[in-house]
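Make the full structure from the sequences, and use the hints.
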Amino acid sequence: MKARYLTATAVGAVLSAAGLTASTASAQSNELTLCWAAWDPANALVELSKDFEAQSGIKMKFEFVPWPNFADRMLNELNSGGQLCDLLIGDSQWIGGGAENGHYIKLNDFFAAESISMDDFAPATVYAYSTWPKGEPNYYALPAMGDANGWFYRKDWFEREDIRAAFMEATGRELGEPQTQKELLEIAQFFQGREIDGQTVYGASIFTERGSEGITMGATGAMYAWGFKYENTPGAYDMEGAVNSPEAVEALEFYKELYKTGTPPGYDNAYMEQSLDAFKSGQVAMAMNWFAFFPGLAADPNVGGDKIDFFVNPAQNQPASTLGGQGISVVSYSDNVEGALDYIKWFAQPDVQKKWWSMGGYSCHVAVLNDPDFVNSAPFAADFLAAMDNVYDFWQEPAYASLLLAMQDRLHTYVVADQGTAQEALDGLIADWTEVFEDEGKL
Amino acid sequence: MTDTPIDRMARATPPHVARRVRGLSDRAIAWLFVAPTIFLLLAINIFPLIWTVRLSFTNFAANRPGREVEWVGLRNYQRILTDDGIWANMQTTAHFLIWTITLQVLIGFTLAWLINRKFRGNDLLTTLIVLPMMLSPAVVGNFWTFLYQPQIGLFNYVVELFTGVPASSFSMLGAGGLAKWSIIIVDTWMWTPFVMLICLAGLRSIPDYIYEAADVDRASKWRQFWTITVPMVLPFLMLAVLFRGIENFKMFDMVVLLTGGGPGNETLLASIDLKREAFEKWRTGYSSAYAIILFVTVFGLASIYVKALNKVKER
Numbered sequence: 007m008k009a010r011y012l013t014a015t016a017v018g019a020v021l022s023a024a025g026l027t028a029s030t031a032s033a034q035s036n037e038l039t040l041c042w043a044a045w046d047p048a049n050a051l052v053e054l055s056k057d058f059e060a061q062s063g064i065k066m067k068f069e070f071v072p073w074p075n076f077a078d079r080m081l082n083e084l085n086s087g088g089q090l091c092d093l094l095i096g097d098s099q100w101i102g103g104g105a106e107n108g109h110y111i112k113l114n115d116f117f118a119a120e121s122i123s124m125d126d127f128a129p130a131t132v133y134a135y136s137t138w139p140k141g142e143p144n145y146y147a148l149p150a151m152g153d154a155n156g157w158f159y160r161k162d163w164f165e166r167e168d169i170r171a172a173f174m175e176a177t178g179r180e181l182g183e184p185q186t187q188k189e190l191l192e193i194a195q196f197f198q199g200r201e202i203d204g205q206t207v208y209g210a211s212i213f214t215e216r217g218s219e220g221i222t223m224g225a226t227g228a229m230y231a232w233g234f235k236y237e238n239t240p241g242a243y244d245m246e247g248a249v250n251s252p253e254a255v256e257a258l259e260f261y262k263e264l265y266k267t268g269t270p271p272g273y274d275n276a277y278m279e280q281s282l283d284a285f286k287s288g289q290v291a292m293a294m295n296w297f298a299f300f301p302g303l304a305a306d307p308n309v310g311g312d313k314i315d316f317f318v319n320p321a322q323n324q325p326a327s328t329l330g331g332q333g334i335s336v337v338s339y340s341d342n343v344e345g346a347l348d349y350i351k352w353f354a355q356p357d358v359q360k361k362w363w364s365m366g367g368y369s370c371h372v373a374v375l376n377d378p379d380f381v382n383s384a385p386f387a388a389d390f391l392a393a394m395d396n397v398y399d400f401w402q403e404p405a406y407a408s409l410l411l412a413m414q415d416r417l418h419t420y421v422v423a424d425q426g427t428a429q430e431a432l433d434g435l436i437a438d439w440t441e442v443f444e445d446e447g448k449l
Numbered sequence: 014m015t016d017t018p019i020d021r022m023a024r025a026t027p028p029h030v031a032r033r034v035r036g037l038s039d040r041a042i043a044w045l046f047v048a049p050t051i052f053l054l055l056a057i058n059i060f061p062l063i064w065t066v067r068l069s070f071t072n073f074a075a076n077r078p079g080r081e082v083e084w085v086g087l088r089n090y091q092r093i094l095t096d097d098g099i100w101a102n103m104q105t106t107a108h109f110l111i112w113t114i115t116l117q118v119l120i121g122f123t124l125a126w127l128i129n130r131k132f133r134g135n136d137l138l139t140t141l142i143v144l145p146m147m148l149s150p151a152v153v154g155n156f157w158t159f160l161y162q163p164q165i166g167l168f169n170y171v172v173e174l175f176t177g178v179p180a181s182s183f184s185m186l187g188a189g190g191l192a193k194w195s196i197i198i199v200d201t202w203m204w205t206p207f208v209m210l211i212c213l214a215g216l217r218s219i220p221d222y223i224y225e226a227a228d229v230d231r232a233s234k235w236r237q238f239w240t241i242t243v244p245m246v247l248p249f250l251m252l253a254v255l256f257r258g259i260e261n262f263k264m265f266d267m268v269v270l271l272t273g274g275g276p277g278n279e280t281l282l283a284s285i286d287l288k289r290e291a292f293e294k295w296r297t298g299y300s301s302a303y304a305i306i307l308f309v310t311v312f313g314l315a316s317i318y319v320k321a322l323n324k325v326k327e328r
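As they're listed, the protein sequences go chains A and B.
What the first sequence shows, in the working numbering, is residues 7 to 449, in sequence order.
What the second sequence shows, in the working numbering, is residues 14 to 328, in sequence order.
No farther apart than 30 Å at their CA atoms in a straight line, the calculated lysine-lysine pairs in the DSS-like style are these: (1) B:K288 <-> A:K262; (2) B:K131 <-> B:K326; (3) B:K193 <-> A:K266.
Just so you know, these hints were derived from the structure itself, not from any lab.
The model shown is predicted, which means the values in this text are computed figures rather than measured ones.
Structure representation (C-alpha cells):
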C-alpha cells in the first residue's frame, strides 16, 4: 500500500512538473523581452509596442539599463550567452562583436523572405547600425533609432537686446547660432561667468565623462569637424598621419580650450545627464547632447518652448556630427527567435515608423525622413536631417571596447587632467590602438 | 561514571546508524566532517586560482568563445611588468594605501585615546563618530560627489571660508593633483572610526593597575604613554592596519563613484584597472596574469606583516 502510494505520488509529481514546464514554455513563446538603454525614447517604444502586443498577442517585456552601465550590462549578458534579451537595441559600435561572436542573428534571409528592403532606410543608418563588415550587405540589425550629437541653446538669452549688444561689442558680430566650431567657442566664452537675471551663467555643457564613452563622443564632434580620420585607407588600419594629423591635433586643442574656458566649474566628468541638468537648471547658454533628448527638451516647462532652439554640430573644415543611435537585433541565444523576428517585421512597416517618429523615436525609414512635412514636424527635425547627412562613427570592431577605453584614457588625461600635449595624446592613442589590432591579428 | 554530552549523544544514536558508523576510525570520522568544507574550499577558492594561473599563460578572451586559444608563455607577465601605465597605477594604489592608513591610524588612535577618558556623552559621541563606517560605499561615493561639487558643495565652501580661495575656482575631483587627495579624504572620513574602535578595544584592555604602579614609580604621563599605552595597543593597531591595508588594496566601488579613475588616470587604482581589463576589454588571459601579480603582492606583503604582528604579540 505504502509503495503504491509513493509511486502514485512520484508519478503525480513528474506529471505536474511536466505540466509546469509545458506551461512555462508556452508562456515564454508568448513573451518577448526587449533590452535597451533607459532613456526617453525607450519610454516611447513601450507605448508604441502596445500596438504589437494587440496585433500579435505576444506580451512585451522590457529591460532598460541606465546609459553609464548599459554597455557593461548588455555586453556581459551577450558574452555569457544569456537569455534575458530576445531583442536588443545595441549601440552601433557593438555590431562587429555581435556579428563575429555570434551574438546577433544574421537577418539577410529573413529580410528577403519578408520583403524588407534596406533601401527603405537612410543609407548612413544602414551602414552604421546594420552592416558587418562595414558596408558589406550582411545585415545584423534593422535601423531602429537614428541619432547624432547635436546642440541646443537658450534662444531667449540669444534674443535679448542687452546680451546681443554686449556680444556685438565684444566680438564685432551678431549673436546667433554658431556656424563654425570657433564661433561656438567664442559664444561659450562670451557667456562664461556672465550675470543674467542675477545668476552667474556659463558658456556650454559638453561631454567630459571618463568611465564609459562620454569624452570620446564629445571630443570627436570637434575632431570630425576638423577632418579627423581613423585610417588613411579604410580597412587598412594605417593610423599614422590620420589619427594624429595636424587637423586632429588642432581639434583636440580646441576641445580642451572649450572645456577650460567655456564650461561650468566641476563639469569634469559630465555626460548626457549632467548636460541636461546644466541646461535645465539655467546654468549654461548652450549644451551638447544626443538628438534623442531633444523632444523632451522642447517640451520642458522651464527651458523648452520659446526659450530653446537647436543647431547641428557646427562645421569647421567640413560638416560632421558624431553618430549615435542603434539598430535592433535578434539575440541568437533567445528561445523565441520567431517572435523576435515578428517584432522586427512589424517595426519595419512605414506606418509604424511614422508613429515611432511622432512619439519621440527617431525613425530611419525614408518614408518618414523624405516626407515633405518632416522638416517642419519638430523644431529640431531639419537639424536632425542635416546631422544624419554627415555622421561619423567610432570603430565598430569586435575589440571596440579596448579601442574606446584607450581613447577615453588619452583624451581625459589631456583635456581634463591637463597632462601632456594634444600631439602626445594622439600619438599615444595610435600606440594603444596598434597594440589592440596586433592582439586581434589585424596588424 | 560521568555522564558527558558525548555519552548522551552516543546513547541517543539509533542502532542502525551506530552499526554503520562502527568500524570507522576517529581519523575517518574527522575527515567525514571536514570533507564538505574542504570540497567547498577547493571548488570556490583553489580551483579558480589554479584555473586563473593556467589562463594567465594564454591569450584567452572570455567574450570570444570561438577564437583559438594560444599558449603565450610568460608574455602576459612580461607585458604587465614592463607597462609604464600599470606601474603608474601601482604607484597610485601605494599612494592611496600609505596615506589612508597613516591618517586613519593617527586620527583613529587620537580619537580612541581621547574618547577612552570618562566624560558625559561619551557613548553618544562614540556612536556619532562610528556612523560613517556604517554607510554603504556607494552612498558615501555619491554623497561626497555632491560635497565636492565646486558650485554647491559644502567642502569647497568651507575651504573658501578658511582660505579665501573661491569655491568655484577649483574642483577636487576633476583637477590634476587634487583628485588623489580627494579620495584619501573620503576613505579617511569613512574608515577612521573603524581604526578608532579597534584602538579603543586595545586601550580598554590595559589594566588600570599598570598605570597605578607607574604612578607609584613617579613615571610621567608622557613616559606612561610611550612605555605602557603604545606597546600594549600596538598589536591591536597592527591588526587594524592589516585589515585596512587589505581592504584598501582592493578598493573599487567608492573611487569609481567619486572619480571613475580620473581625471585621466590620476586615481586609477590597480583594482579598477584590473576590472577594466577583465570585464570591459575582456582580455581574460592578460587580466589573469595581472590578478596573479596582485595576489602574489598582497599575499607576500600580508605574510611578512603577519609575522611581524606575531613577533609584537610575543613580546
